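Participant: Chains A and B are the protein sequences, given in the same order. Going by the working numbering, the final residue of the first sequence carries number 198, and the count climbs one at a time with no gaps. Going by the working numbering, the final residue of the second sequence carries number 308, and the count climbs one at a time with no gaps.
Source of the hints: derived by calculation from the structure; they are not laboratory data. There may be inaccurate statements among the hints.
To be verified - Simulated crosslink set (SDA-like; lysine to any residue; CA at most 20 Å straight-line):
no., chain 1, residue 1, chain 2, residue 2
1, A, Lys-189, B, Ser-51
2, A, Lys-189, B, Val-6
3, A, Lys-164, B, Asp-34
4, A, Lys-164, B, Val-80
5, A, Lys-61, A, Arg-31
6, A, Lys-61, B, Val-77
7, B, Lys-286, B, Ile-242
8, A, Lys-61, B, Val-80
9, A, Lys-189, B, Asn-254
10, A, Lys-146, B, Phe-46
11, A, Lys-164, B, Asp-21
12, A, Lys-61, B, Gln-49
13, A, Lys-164, B, Lys-202
14, A, Lys-189, B, Val-77
15, A, Lys-146, B, Glu-72
16, A, Lys-189, B, Glu-39
17, A, Lys-61, B, Glu-72
18, A, Lys-189, B, Leu-12
19, B, Lys-202, B, Ser-187
20, A, Lys-164, B, Val-77
21, A, Lys-164, B, Tyr-13
22, A, Lys-146, B, Leu-63
23, A, Lys-61, B, Leu-63
This one's a predicted model, so the numbers in the text were calculated from it and none came from an experiment.
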Amino acid sequence: MVGQSPNRINDADLIREAQHGNRAAFEELVRQYDQAVLRLALHLTGSEQDARDVYQDAFLKAYRNLGSFRFECSFYTWIYRIVTNLCLDHLRRRQVRKEDAPVVYDENGVEFSIIDQVADTRSGASPERDLMRRELGARIARALQKLTPRERMVFEMKHYQGLKLRTIGEALNTTEETAKNTLFRATQKLRAALADMR
Amino acid sequence: MNCEWVRQNVALYLYGELPDDQRHEFEQHANRCDACAAEVAEMRNFHEQMSVLPVAEVSPSLLAAARMQLQEALETVEQVRGWRRFVFDPMNYLRSARFSPALAAALLIVGFAGGVGTTYQIARNGMIVSPERHATAEASIAGVRNIIQEPGSGNVKIQYDRMLPETVQGSINDPNIQNLLIMAARSNYNSGVRMDSVDLLKQKPDDARVRESLIFSLRYDSNPGVRLKALEALGGYVKQDIRVRNAMLEALLNDNNPGVRAGALRALEQVRGDTSVRQALQLLAKEDPNEYIRNESRRVLASMPQID
């Protein structure tokens with residue numbers, strides 16, 4: 001892709017600098033990817049604190065192991081591989097503990113529901129419609145939690161983050177075909193879980 | 001291709017993941033088969049339903065806090081080099097598995113306390129302080145640019161970037177409001193905000209910067225609703241502005257949404273004498289996967305004067 005070349009060259013320079021111990025170069029590299037990483041972690045964990053933990057662990061791991069980065073894949077794929085592994089660990093831990101939807105706190109320490117984000121605050125929105133959206137939002141959140149961690153991850157990266165299945169396969173260390181099959185299973189389960197809402 | 005194959009691949013079709021030839025066959029089949037057309041409609045409905053749960057936008061303060069926490073944590077880690085890469089470090093494993101949040105929180109508290117202490121020392125030493133400093137507590141610090149120590153005095157000058165949430169209110173004619181709307185239309189992660197920005201910018205397409213921004217949205221926005229709004233606003237400028245015409249042609253040929261392509265086709269009808277438009281229409285009349293667009297292209301071509 002011609003449009004991506006300048007970034008790739010820039011990334012390569014920054015990675016080499018960072019591999020020689022230049023922290024500023026690494027931080028510059030972080031800034032190119034960290035919003036996307038944080039957005040993925042935030043939507044997946046539903047908690048700002050957990051998203052920050054995933055963010056921190058991912059970039060610290062990347063920094064520690066940057067010496068082993070051999071330019072065999074793009075830094076984008078490499079960092080997503082680290083992030084998806086951490087997110088999968090997080091989802092597995094949550095599943096083992098059988099945790100419900102996490103209680104979310106904003107930066108002021110005030111509790112709020114992730115479902116509040118689905119509220120239709122536009123002018124002209126009726127309370128009934130708002131209530132229905134909230135109910136649907138809650139049902140979707142529960143249905144997503146019932147997927148296996150891998151199905152959840154693939155669906156999240158495809159539907160909400162808009163990544164290509166090829167990228168998702170690479171990030172999950174699997175083939176595009178397997179990612180396709182996982183997406184199919186996730187979609188079927190979600191459709192079945194939400195069938196009565198349509 | 002059969003109905004079972006269509007059912008297996010309907011999700012991939014809607015996510016734009018089918019190769020062009022399979023996509024074409026898929027559409028051909030769905031146009032002929034009522035059951036498969038219903039399956040496509042059902043899946044489209046499911047997509048809309050799932051979009052009720054929005055992708056939470058990362059707030060500037062969350063991003064700044066995460067960056068600051070990482071910066072501090074990076075002070076204490078080293079890159080794994082040489083043979084050490086192959087050695088299992090149990091302490092490191094334990095730290096990363098169990099103690100990272102606590103360690104990071106402790107570092108954050110120490111950093112915050114250090115910052116407060118330093119500020120107190122600076123204030124006590126009577127250093128001239130920028131009035132903006134008082135807002136620091138409400139803002140998030142995005143990063144420290146540089147630190148200069150005055151020789152012999154013990155005073156320190158720190159230059160940093162901060163992020164502070166603000167609200168602004170004003171007329172659409174206010175250049176500041178327009179700047180913010182242009183910024184939101186280009187870079188906001190929330191497509192609802194981009195949609196609202198473009199909707200407001202539609203009122204000012206005469207302004208060159210606004211028109212530039214609308215062209216950008218038509219070309220690059222990932223949300224077809226936003227692209228359609230930008231297209232509506234630019235429709236009246238197809239004749240007089242060649243950049244608008246080029247953007248419309250690009251949308252007509254390359255946009256993956258049939259609604260946007262159909263809108264571009266209607267707008268370009270005003271300049272059907274343009275040879276580029278004629279060539280694009282000839283191509284679409286033959287190859288566009290959408291039947292409506294193929295038919296419309298033929299209709300516009302038929303209404304054009306013949307050139308020998």
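Participant: Each of the hints needs a verdict: does it hold here or not?
Facilitator: Hint-by-hint comparison with the structure:
no.	hint	verdict
1	A:Lys-189 to B:Ser-51	holds, 16 Å
2	A:Lys-189 to B:Val-6	holds, 18 Å
3	A:Lys-164 to B:Asp-34	violated, 29 Å
4	A:Lys-164 to B:Val-80	violated, 32 Å
5	A:Lys-61 to A:Arg-31	holds, 16 Å
6	A:Lys-61 to B:Val-77	holds, 10 Å
7	B:Lys-286 to B:Ile-242	violated, 26 Å
8	A:Lys-61 to B:Val-80	holds, 10 Å
9	A:Lys-189 to B:Asn-254	violated, 33 Å
10	A:Lys-146 to B:Phe-46	holds, 17 Å
11	A:Lys-164 to B:Asp-21	holds, 18 Å
12	A:Lys-61 to B:Gln-49	violated, 36 Å
13	A:Lys-164 to B:Lys-202	violated, 32 Å
14	A:Lys-189 to B:Val-77	violated, 42 Å
15	A:Lys-146 to B:Glu-72	violated, 37 Å
16	A:Lys-189 to B:Glu-39	holds, 16 Å
17	A:Lys-61 to B:Glu-72	holds, 15 Å
18	A:Lys-189 to B:Leu-12	holds, 16 Å
19	B:Lys-202 to B:Ser-187	holds, 17 Å
20	A:Lys-164 to B:Val-77	violated, 33 Å
21	A:Lys-164 to B:Tyr-13	holds, 13 Å
22	A:Lys-146 to B:Leu-63	violated, 29 Å
23	A:Lys-61 to B:Leu-63	holds, 19 Å
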